[in-house]
Amino acid sequence: MTLALVLEQLLNGVQFGLMLFLMSAGLTLVFGVMGLINLAHGSLYMIGAFLCAAVAGASGNFWLGLMAGIAAAAAAGALIEMVVIRRLYARDHLDQVLATFALILILSEGVRMVFGPFPLYLNVPSALRGTVSLGIVDYSLYRLALIGFGLAVALGLWALISKTRLGIRIRAGESDREMIAALGVNIRALYTIVFALGAGLAGLAGALVGAIQSVQVGMGEPVLILAFVVIVIGGIGSIRGAMVGALLVGVIDTMGRFLLPRFFATFMDTSQAMGVGAALASMLIYLLMALVLIFRPKGLFPAHG
Amino acid sequence: MKPLRMTALAALAAASLNTAQASDITVGMITTLSGGGAGLGVDVRDGFQLALDMAGAQGIKLVVEDDAQRPELAVQIAERMIQSERADILTGIIWSNLAMAVVPSTVAQDIFYLSPNAGPSALAGANCHPNYFNVAWQNDMLHEGAGAYANELGYQNAFIMAPNYPAGTDALNGFKRYFTGNLAGELFTQVGQTDYAAEIAQIRASGADSIFIFLPGGMGISFMRQYEQSGLDLPIVSAAFTFSQDILPAVGSAALGVFNASQWSPDLDNAANVEFVAAFREAYGRTPSLYASQGFDTANLILSAAAKADVKDRDAFRAALREADFTSVRGDFAWAPNQHPIQKVYIREVVEVDGEITNRIVGVAFEEHRDVHGENCNM
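Those protein sequences? They're chains S and F, same order as listed.
Position one of the first sequence corresponds to residue 1 (the working numbering), numbered consecutively onward.
Position one of the second sequence corresponds to residue 1 (the working numbering), numbered consecutively onward.
Since the hints were made in silico from the structure, they are not lab data.
Glycine included, every Cβ here is placed at the ideal spot set by N, Cα and C.
Do not rely on the hints blindly, as some may be mistaken.
[Said to hold, decoys possible] Label pairs and their calculated CB-CB ranges:
hint	chain 1	residue 1	chain 2	residue 2	range
1	F	G355	S	M82	40 to 48 Å
2	F	D267	S	D269	37 to 45 Å
3	F	P235	S	R171	49 to 57 Å
4	F	G285	S	M67	24 to 32 Å
5	S	L287	F	N182	31 to 39 Å
6	S	D95	F	A55	48 to 56 Å
7	F	V353	S	L134	35 to 43 Å
8	F	P104	S	D95	35 to 43 Å
9	F	A278	S	D269	48 to 56 Å
10	S	L134	F	G355	33 to 41 Å
11	S	L10	F	A271	52 to 60 Å
12	F	E352	S	G110	29 to 37 Å
13	S	L291	F	G181	36 to 44 Å
With the sequences and hints as input, model every part of the structure.
In structure tokens:
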């Protein structure tokens, strides 16, 4: 095991974490501001990837596809908020889970009807193909760019929330929904904007990741589960918590998959060690979540003190 | 998940006039039509349906439901098909973990199970059953072909990788049974995993001279896309699943030149296959995958048995199935005593033909290959 390998795995973990952050940021914002559990967040990720693949395929330009993916996911988010979600704010979480689960089925089936059951082709933009040398390790340029994208979006989100008027309203909405409505803020528009923002971020993540993964129906659900783990670890409603949680999950998951089989191989037969190591590695982040919940039941950075 | 239901009840009105068909058969197809494995299930279903349509089959009722690649759902659907649909034959399951959940209880209820895909080693060996027929292959077979061909290519130090489920274990065992070189590393990934960065980094560090992978469906697409961007350029040898027609369009040129073992290929030159490939393209507008060929063969096997015996007479129908009196699109087809095929295993190469990325046969791994697990089958 060399330093280069460990460094590469760390970068992989950070990159994975930052993509998870894009997903969880929207999820945690929506929960923090509106108190809504949105299971259909993964479907917006899928919409972003499909639209990106379709437009990039037709135009031959990945960046055009990326814009289309973000726009489509944000638009779908706004539409869903106005048509369905708006009726759910006053309901309890079980109703929200039911309704948004139904949305998953409808959107998955819809995407399949439009694009068919077979995965779509989406290639990495030509400018970001190949590898780049980072001294001791050659790393995929595209993955490095994903790290850059993730950090830029995190910075932008931080600026939006702490420096702008919209950000002030979002923060106010997080601490007291009724009060900001009473102060004359158009709460309905605010909700639609926040939902569309979260949806756009999910669409961005889907489109970016779609270029190195399989663009297929149902691609959002596995990521959605991880995103929920992230926001539970980070503290529901907290963007900072989502960032820390996403990086923790990304790095621990990657390092677990890498190190655990090796650890077991030191005292077990190789094939057996690989099986046990892989099985335990897939549980690792859930163990982490359980641990965090034991010591910090509200997550690492509880949004409401 | 709302089950997708398709009933192919051919020519009800004409049925009374036609007495050529010996029996009315209800076939329950449980297959994966949603999620990352959807392409595989859709191809099995479409191949099966095509065979019924081409034969103008009457008296066969096909009920299709989506298992969403979830074992517990597959078990529920199987129960429903047996209890309420009164299915005589079940078929369709793609994934070995689902087959392990459904097949033993199905065959124990005196229902036939004809596998168009999954062939877990347990069902070929100690748990073999007179009512269980595998029309495709036992899981290890194609991977054994890949192992044998890796020797021929002169690979000395292979890194091998598969998902952690019954077919993944079978795949690695099959490859290792024939590969004589060293293993630079061995990895199990998660079923449905989408990010392979951690695995690719380990391959890079392992000093391997070649890679063997078994990653069917979306897993293969994700791996190949990421492998292409990793700067690694080791030769890959595999079985047909990771380089099948259902995923090649999404993988793109990254797959070109990969050798993979298969019992079937779209360019296989026999009359039945030429007709099948042309009819499939005509009906569905795409080139069939090996899954489609397996669905097609399964339906034709059922049709051949139905022409000879009434499915309600299980012993007679079983005897008719054992005759395997149908023309397989893979060429010669015979049953081993454990009711798994004895067949030729080809080596294919991924090539681009007229702008389409597809496979073509470049060699033969085994002439008459049968699985090793049959030894443990006492039937």
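We went through each hint and held it up to the structure:
1. G355(F) x M82(S): 40 to 48 Å: 43 Å Cβ-Cβ, so the 40 to 48 Å window holds.
2. D267(F) x D269(S): 37 to 45 Å: holds (42 Å)
3. P235(F) x R171(S): 49 to 57 Å: For P235(F) and R171(S) the Cβ distance comes to about 55 Å; the hint holds.
4. G285(F) x M67(S): 24 to 32 Å: The hint (24 to 32 Å, Cβ to Cβ) holds, given that G285(F) and M67(S) are roughly 30 Å apart.
5. L287(S) x N182(F): 31 to 39 Å: 35 Å Cβ-Cβ, so the 31 to 39 Å window holds.
6. D95(S) x A55(F): 48 to 56 Å: At 50 Å between Cβs, range holds.
7. V353(F) x L134(S): 35 to 43 Å: holds (40 Å)
8. P104(F) x D95(S): 35 to 43 Å: holds (40 Å)
9. A278(F) x D269(S): 48 to 56 Å: At roughly 50 Å between Cβ atoms, D269(S) and A278(F) fall inside 48 to 56 Å, so the hint holds.
10. L134(S) x G355(F): 33 to 41 Å: Taking Cβ atoms as reference, L134(S) and G355(F) lie about 38 Å apart, which means the hint holds.
11. L10(S) x A271(F): 52 to 60 Å: holds (57 Å)
12. E352(F) x G110(S): 29 to 37 Å: Since the Cβ atoms of E352(F) and G110(S) sit about 33 Å apart, the hinted range of 29 to 37 Å holds.
13. L291(S) x G181(F): 36 to 44 Å: holds (43 Å)
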